[in-house]
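Asks: Just so you know, the sequences run in chain order G and P. If you're matching positions, the first sequence starts at 1 in my numbering and goes up one per residue. If you're matching positions, the second sequence starts at 1001 in my numbering and goes up one per residue.
Once the Cα atoms are required to be at most 30 angstroms apart in a straight line, the calculated DSS-like pairs of lysine-lysine come out as:
no.	chain 1	residue 1	chain 2	residue 2
1	G	K344	G	K232
2	P	K1054	G	K141
3	G	K300	P	K1145
4	G	K91	P	K1069
5	P	K1031	G	K213
6	G	K412	P	K1079
7	G	K439	G	K412
8	P	K1031	G	K232
9	P	K1031	G	K141
10	G	K141	G	K232
11	P	K1079	P	K1145
12	G	K300	P	K1160
13	G	K300	P	K1162
14	G	K213	P	K1162
15	G	K300	P	K1079
16	P	K1079	P	K1162
17	P	K1079	G	K91
18	P	K1162	P	K1145
19	G	K131	P	K1031
20	P	K1054	G	K213
21	P	K1160	G	K213
22	P	K1145	P	K1160
23	G	K300	G	K232
24	G	K439	G	K78
No lab work stands behind these hints, which were simulated from the structure alone.
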Amino acid sequence: MSKSRDRKARGEALDAAAGNGLLDRRALLGRGMALAGAIGAGIGPSAAGAEPPAQPLTDDPWSLEFGDRTLPYQVRSKFEAKVVRTLSNPKNELRNSHARTPHHLLEGTTTPNALHFTINHGGIPDIDPDKHRLVIHGLVKQPLEFTLETLSRYPMISRVAFVECGGNSAPMFSPEPLQETVQALHGLASCAEWTGVKLSTLLEETGIDPRAKWFIAEGADSPHLSRSVPMKKALDDAMIVLYQNGERLMPGNGYPMRLLLPGYEGNMNVKFLRRIKLVEQPALSMYEARTYSPILPNGKAYRFYFLQEVKSFITYPSHGHTLKGPGLYEISGIAYSGTGPIEKVMVSADGGQSWAQAALQEPVLSKAFTRFRLPWRWNGGPATLLSRAWDQSGNVQPTRAEFVVARGELTKPPPVLGFLNQHYNSITSWGVGSNGEVKHVYA
Amino acid sequence: MFTPKRAIFAASLWLAMMAGASWAETPNLGKPIDEAAIAPWDISILPDGTGLPKGSGTPAQGAPIFAEKCAACHGDNGKGGEAAALVSDRELAGISAAQKTIRNFWPYSTTIFDFIRRAMPAQMPHSLTDDEVYALTAYILAENKLIGANDTMDAQSLPKVKMPNRDNFIIRFPDRI
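Required output: the full structure, derived from the provided sequences and hints.
Replies: In structure tokens:
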């Protein structure tokens, strides 16, 4: 008796981690005793009283007949048909097309290939892989041409990395919170395992003229999209990617080969890659000279932002979800940093007054999505949920107030599909109402 | 037999393996190709004018090409339509990218030539001659009052066009360059 009472007391002390119901991150992870204590204390899944009692079990039709045929390339259940990307240009008009990842409907850290975000500026080219060529030239000792077949014989590496558009989260520059899902706000970021050849391996073969300080990467798409990248990145972790989550790249993600610059602005990760030219100075192509040079409050603009800085957002619960009564929930979200691995994520349920440290799902990989989770006992009252990430280089996700001081905000709410500024990484807040509805708020 | 010579060899082999982050040997399957063979693909242009092709054009030559091939999307005289305005006297105000124009934001005139040549017209990129691209670039610059109505744009004159916003940029992370 007394032992059990001790355990219960200890469990309760461990469970409360921060205000408004946040529980200790260890409460649900391999600590059955603590959880048992917690349920004993009345915080388990609730509303049991409102539900009718369980009925005797029966067999449904699918258990009484021979099932469907097996497909060569399987497709998901028809019941999952609502889990799709949202499109900015479904009729493929002569402008760019965005497809956003539905983070609020996914879990884990790997974005399924069919749901990986894409932005294409001139449609998706229908590239015959046998005819595709990659040339590396300019300030090299010997210009070389590679085919997909020859590249496939080079030493390969696989790495998990997020890719994020420099304009992801741009609706957050709005002076008031747009009532949109995490897909609309942050859907231009995804994470996959990429396999290919390190660019440095190919540069060993071409040789590098020491005058080369940049390389220009160019695609085989109709706008021949091109970006300038410092040679530092080429010799660090740049890759020519051939595979995405184990299969060949999706057409929208750059089939048959793309540049991957882990942690750097999505647009620089040139898709349909066909040419790399080593040069002394950057080209100042339109995307670097204009589009991805964000205007600052003082009228100047940043150039060569490159880095996708440390960021996190809660995916459950988030706008569009409705909580069904008080009780125990697990807050879940994504954190990542272009600088390296995530160090920690703190979560608040009271608008930032108190914070609890979330559990990070292993493995925590550099420049990759990290899933964080934290148990939360919702008492049915108003709650404001925030997450804030730190990376292992010591960078911290700014509060919205800090961010607005440094980077400014728009004077009026923008269209949600607009990209009226870039490189937004501050905190996202979700307000939970007494009715269980989740709204986007600025805390 | 263990000899000092063999020990040195073993040690150097071990060191080579430890340094194995860089592959000492690659399959050498890259096919040599000379710059002349790459030239049809090499459309890179640098802000100092490196890479600009031969040819030239004037605003007067550009106007009818613009009306025929560009105005449907970019509006009459480049004032804007389905696609962005290319001619505007709007000033930058606030942080909205919607305020950016060629005149108030683009730092280098070479970027105009480069983008037209690589990406425009959207439904038929790479269909313009270099003279036509120079002429369109001249037309857009002149309509924006960045060059005179009778100025000729070519590989020498285009990089010399001073764009008003050129010195208004801050390198975000200099240590990454």
